[in-house]
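Engineer: Listed here are the chains, written in short residue letters.
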Amino acid sequence: MKKQLFLFSLIVGLATSCSDSKKAADNETPSSTLSGFDQKETQYYSNGRRLYKTICQNCHMENGEGLGRLIPPLAKSDFLKNNRADLPRIVKFGLHGPISVNGVEFNQPMPANPKLTDIEVAEILTYVGNTWGNEVGSFTTEEVISSLSEKE
Amino acid sequence: MKKQLAVIILVFAFGFSACNSQQKSKLPILGRTDYIEANGTIDTVYHTIPDYSFVDQDSVEVTPKTFENKVYVADFFFGTCPTICPIMKQQMLRIYGRFQSNPEFGIISHTIDPDHDTVAYLKDYSERLGIMDNKVWHFVTGNKSEIYELGTAAGYMVQVGEDETAEGGYIHSGAFILIDKERRVRGFYDGTVASSVDILMNDIDRLLKEYEDE
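Protein chains in written order, with our numbering: chain A, 20 to 171; chain B, -2 to 211.
Keep in mind the hints are simulated off the structure, nothing from the lab.
In this text, all values refer to a predicted model and were calculated from it rather than measured experimentally.
Just so you know, nobody snuck in bad clues.
Part of the chain B face toward chain A, derived, beta carbon under 10 Å:
no. : residue
1   : Thr77
2   : Cys82
3   : Leu90
4   : Glu124
5   : Gly127
Using N, Cα and C, we set each Cβ at its ideal position, and we do this for glycine too.
Pulled out of the complex, with its shape left as it was, chain A reads as follows:
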């Protein structure tokens, strides 16, 4: 019986050895701020994660690293930390012109996402702001509404 088990594991081992099992390492590390989240904030976070994957990930990449000097990183981003009040507007209305992120200059237009609701903006920011080394805390719908109503 033991031998058969050995044989079985051998077969499984061989079968998997052929396939390219080298999957991209999941660098998605929720920040420590997450442990302090209440149920609502956690809900925002997981909804934001889903939205990020469909709306943001193609450009900012799965692990938030961006693309060269073309698309700015969201991971460990000083821009997120220092420009909290502007973030809802950027997510919803896009961004044009040069910005500096972690000491690197970027100048690729970011498209607007006008269809996003206030709560969706808050969810995306709660996810992005508390993943990959960012610790900016959660966003509420109220904060998003007041930020969007401000004039530039």
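Given chain A, work out where chain B should sit, using these hints.
Structural biologist: Here is chain B on its own, set in the frame of chain A:
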């Protein structure tokens, strides 16, 4: 005991042959194939990429001669693309990183928005990606109808075009197309999916090996 030993050997033999067989078979030659009779024998004529002439990020003319004695990967993109281009470029960077030192390898990325993506723009774009010269990877622009023509069934056989309803104003396939030294299409891969690009990199090795074996 002997029987079990035989089973073990069999399992190993099967396992190894399964790994190797993939390496040995040749890649298919894609596209329409014609058979032409000449002097009593039948000649096989494969689909090939037609002549073209574009200009790359260093203002150098790029023609099929640029890729003489090279296998290369082609794709279509545009600089302000808000959808699949960045992820395609991230994946193409993986391919570049792996094959950039091979003199028998090249990459060509065609912009489908030549009005916006000028030579100067493509230079800035490619440098921002980390591609500092045009030795391996050519970002090309040129005559719009020629670019679109090359994307059709007469060329790379992928979808390329303007579409006002599409995000960013253009539609284009996310395909990476593998071309051999005879300008024949040897494979299509989804440039937005890492596992598909893994297969492409494996196929580039296989294609290069085909020429070694000749």
